[in-house]
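Q: Counted from 1, the sequence shown has number 24 at position 24 by full-length UniProt numbering; the numbering is strictly sequential.
Derived by calculation from the structure, the hints in this document are not laboratory data.
Hints may be right or wrong, so weigh each one.
DSS-like cross-link-like pairs, simulated, lysine-lysine; straight-line CA separation at most 30 angstroms [said to hold, decoys possible]:
hint	residue 1	residue 2
1	K79	K27
2	K27	K2
3	K2	K79
Quick caveat: nothing in here was measured; it's all calculated off a predicted structure.
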Amino acid sequence: MKVLIVFENVPETTDIFIVEANEEDLKDLRLSHGNYINSVDNEDIENAISRVNLRLGSPNDYSAEAATECGLAYEEVGKWDGSAVDTGEPILVYEGRIEMVVVTGFIM
Numbered sequence: 001m002k003v004l005i006v007f008e009n010v011p012e013t014t015d016i017f018i019v020e021a022n023e024e025d026l027k028d029l030r031l032s033h034g035n036y037i038n039s040v041d042n043e044d045i046e047n048a049i050s051r052v053n054l055r056l057g058s059p060n061d062y063s064a065e066a067a068t069e070c071g072l073a074y075e076e077v078g079k080w081d082g083s084a085v086d087t088g089e090p091i092l093v094y095e096g097r098i099e100m101v102v103v104t105g106f107i108m
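Work the whole structure out from these sequences, hints included.
A: In structure tokens, the structure reads:
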């Protein structure tokens with residue numbers, strides 16, 4: 001499924017990604033939606049957001065320990081690296097491009 005992820009790093013930046021998500025990814029994305037690291041008191045949700053974040057990042061930026069801490073196989077780290085959308089222009093949505101929108105992130 002094509003998913004548009006709005007990942008907010010409050011109060012600094014907002015990054016947008018378009019990713020292809022499988023069923024396991026969708027479980028984490030659904031748990032993450034509307035929630036932010038450092039503002040939710042639920043370990044399952046915090047771990048889901050961490051797994052989403054690790055998939056979005058570069059494998060060079062995270063250790064195997066970071067993946068283990070949130071329950072993600074290290075091979076999944078960076079799975080969506082390079083999926084960031086240029087926010088200099090509006091995002092064009094057309095048939096088949098986006099099937100779900102998830103808003104999540106990190107509060108500093």
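Q: If a hint holds in the structure, say so; if it doesn't, say that too.
A: Going through the hints against the structure:
1. Simply put, K79 and K27 have alpha-carbon atoms about 16 angstroms apart, close enough for the 30 angstroms limit, and the pair holds.
2. Taking the CA atoms of K27 and K2, the gap is about 14 angstroms. The hint holds against a cut of 30 angstroms.
3. Only pairs whose Cα atoms come within 30 angstroms are accepted, and K2 paired with K79 is accepted, the gap being roughly 14 angstroms.
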